[in-house]
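First to last, the protein sequences are chains A and B. Residue numbers for the first sequence follow the working numbering, so the first one is 1 and each next one is one higher. Residue numbers for the second sequence follow the working numbering, so the first one is 1001 and each next one is one higher.
What the hints contain is simulated information worked out from the structure, not anything from laboratory work. All residues carry an ideal CB built from backbone N, CA and C; glycine is no exception. Certain hints may be false.
Just a few of them, taken from the derived set where beta-carbon distance is under 8 Å, the chain A residues facing chain B [to be verified]:
id, residue
1, 223
2, 249
3, 253
4, 261
5, 267
6, 271
Derived SDA-like pairs: lysine to any residue, alpha-carbon spacing no greater than 20 Å straight-line [stated by the list, open to error]:
id, chain 1, residue 1, chain 2, residue 2
7, A, 273, B, 1221
8, A, 280, B, 1135
9, B, 1273, A, 189
10, B, 1198, A, 124
11, B, 1205, B, 1153
12, B, 1264, A, 17
13, A, 123, A, 148
14, A, 6, A, 108
15, A, 264, B, 1151
16, A, 100, A, 131
17, B, 1198, A, 100
18, B, 1198, A, 239
Read off the chains here:
Protein chains: 2
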Amino acid sequence: MHTILKSNSKEVVIGIDKPFIMIGEKINPTGLKKLGQALVDKDMEYVKYLAKRQVDWGADVLDINVGHPQIDEAAIIPMVVEAVKSVVDVPLCIDSNDPKILEAGLNAAPGKPLVNSVNGEEKQLATVLPIVKARGAAVIGLTIGDDGIPATPELRLAAAAKIIERAAKIGIPIEDIVIDPLVMTVGHDSNAATITIKTIELLVKEFGVNINLGASNVSFGLPDRHSVNAAMLSLAMKAGTTCSITDPIKLGSSIRATDLLLGKDANSMRYLKYFRATEKLRAAEAAAK
Amino acid sequence: MHTILKSNSKEVVIGIDKPFIMIGEKINPTGLKKLGQALVDKDMEYVKYLAKRQVDWGADVLDINVGHPQIDEAAIIPMVVEAVKSVVDVPLCIDSNDPKILEAGLNAAPGKPLVNSVNGEEKQLATVLPIVKARGAAVIGLTIGDDGIPATPELRLAAAAKIIERAAKIGIPIEDIVIDPLVMTVGHDSNAATITIKTIELLVKEFGVNINLGASNVSFGLPDRHSVNAAMLSLAMKAGTTCSITDPIKLGSSIRATDLLLGKDANSMRYLKYFRATEKLRAAEAAAK
């Protein structure tokens, strides 16, 4: 199954037979104070820097989140999208569950964007899915039901089934749905990762659907989070995860290495090209400091 | 299935329901010139240093290989084993396929050692297995047949079956066999890792046997080998690998992270303990320089 996203001139294909797709997560003021301030000041230079840097480091798609208490998000998000479009040519992932902000972002976004996200709660299904349909976008579906995040893989599968079914009813095909099985923090529950991996395996078997996983939550509260995040992505990729909203600067090399090991990189071409490019970027960034 | 190894006072259990076992690979003069010279000089201080350092960094078992052109290996290996025993109390893995060297090492080794290795060639089966049986040791069986390393998972499974069968005939139980499915370099063959992972899955399904994998060969010739080796171990562990002859200093944190994600580390106790211990070691080693 292929989920196709588009920018003005580029097409990105998410699929189990394709290289893993990295969706850059850094345009998000949560935990990035400098970006929050730039949005308050309507200064788009830092947004452009983040966009360009992530694409340089291998991001295929960029997530755009402007959630910040001091700004009018629906007014700001088109400015951010325009700034990003002015420096990079990649599909965008509009990240909000407020209908007004979502629509404003989607209207400004080029080609065929992705929506992050809808979950299985009645209220969200009823508001977000029609917006996705009207824009002809694809959407990330979180395996959350009306009672929160289910504890078992089977119940998460059921939450995904509900989203897929409700989307189908209004004409959104399963190809345009990417399911995020979620992962809790393994420091709090030692079964957190195995539940997620089992959920991915069930989703692939039942629906053959594309899977997104943001791995970094799994390591919350632990030291050396990189080792845990990198291992989690490798395990999730083996189980069938096809894209991740992630930091390409931190996890790009692990992701390209795992693609290589999973037989998705003939003659190591992508791996070697990525290594050479990031080696140069690392040197240039060190020199700039 | 549990493979039990013993030192004088400690027992190490290899099994899918147990934490992953690290077999320290550094006592091997191949690629470690300083160790080769120390063996020529019969100077055991560097051997002791390598033994102690690896155990400090989490090695559960130590591999002992004295292969070097300028020495009488059968005379040296008992000295090396005694030196190691004088500083650490862990089971040993005697690494040779020369019967005389193997016997000399096994006689000096404490408790119940592991033998590295036998393969499926007639000549090796006939010479190595009786030595393993006589010593009451466990043995690593490489999936190599009389025609070399088989190209498919099914043929590697058949090579393992032959070793298991021949061992059973002389009274070595399957619990005392650890199969190594081997991995070729992924830079030469982009299916190298997937063949190995499939072999592991078949071995677990058919025999439920313990699996050893030395991951570092997979990344031969590639840059940033660490990313590839770490990802390979995570994938192999998920498939059912239970131990590795490896460098705990380089790969220990990835291995402990993967155990944590596979649900083998209640309350992250081992992960946290390992992080704190290696943080101290790293600081102490940096200070010593």
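(Q) Under 8 Å is the threshold here; is the Cβ of residue 249 of chain A close enough to any Cβ of chain B for the hint to stand? (A) Violated, about 14 Å.
Q: Given the hint that residue 273 of chain A pairs with residue 1221 of chain B, test it: the Cα-Cα distance must not exceed 20 Å.
A: It holds: about 14 Å lies between the C-alpha atoms, which stays within 20 Å.
Q.
Does the closest beta carbon of chain B sit nearer than 8 Å to the beta carbon of residue 271 of chain A?
A. At about 7 Å, which falls below the 8 Å cut-off, the nearest Cβ of chain B leaves the hint on residue 271 of chain A intact, so it holds.
**Q.** 20 Å Cα cutoff - pair residue 123 of chain A, residue 148 of chain A
**A.** With a Cα-Cα distance of about 13 Å, the restraint between residue 123 of chain A and residue 148 of chain A holds, given a limit of 20 Å.
(Q) Hinted pair, alpha-carbon criterion (20 Å max): residue 100 of chain A, residue 131 of chain A. Please report holds or violated. (A) Distance ~10 Å between residue 100 of chain A and residue 131 of chain A Cα, so the pair holds.
Q. Between residue 1198 of chain B and residue 239 of chain A, is the straight-line Cα distance small enough, at 20 Å or below?
A. holds, 13 Å
**Q.** Status of the residue 261 of chain A interface restraint (C-beta, 8 Å, chain B)
**A.** holds, 4 Å
Q) When you check the alpha-carbon spacing of residue 1205 of chain B and residue 1153 of chain B, does it fall within 20 Å? A) holds, 13 Å
Q) Holds or violated: are the alpha carbons of residue 280 of chain A and residue 1135 of chain B at most 20 Å from each other? A) violated, 55 Å
Q: Mind checking the alpha carbons of residue 1198 of chain B and residue 124 of chain A for me, to see if they're no more than 20 Å apart?
A: Violated - the C-alpha atoms of residue 124 of chain A and residue 1198 of chain B are around 41 Å apart, more than 20 Å.
**Q.** Given hint residue 108 of chain A paired with residue 6 of chain A - CA-CA distance at most 20 Å
**A.** holds, 13 Å
Q) Do the numbers back the hint for residue 253 of chain A, that is, is its least Cβ distance to chain B under 8 Å? A) holds, 4 Å
Of the numbered hints listed earlier, those contradicted by the structure are 2, 8, 10, 12, 17.
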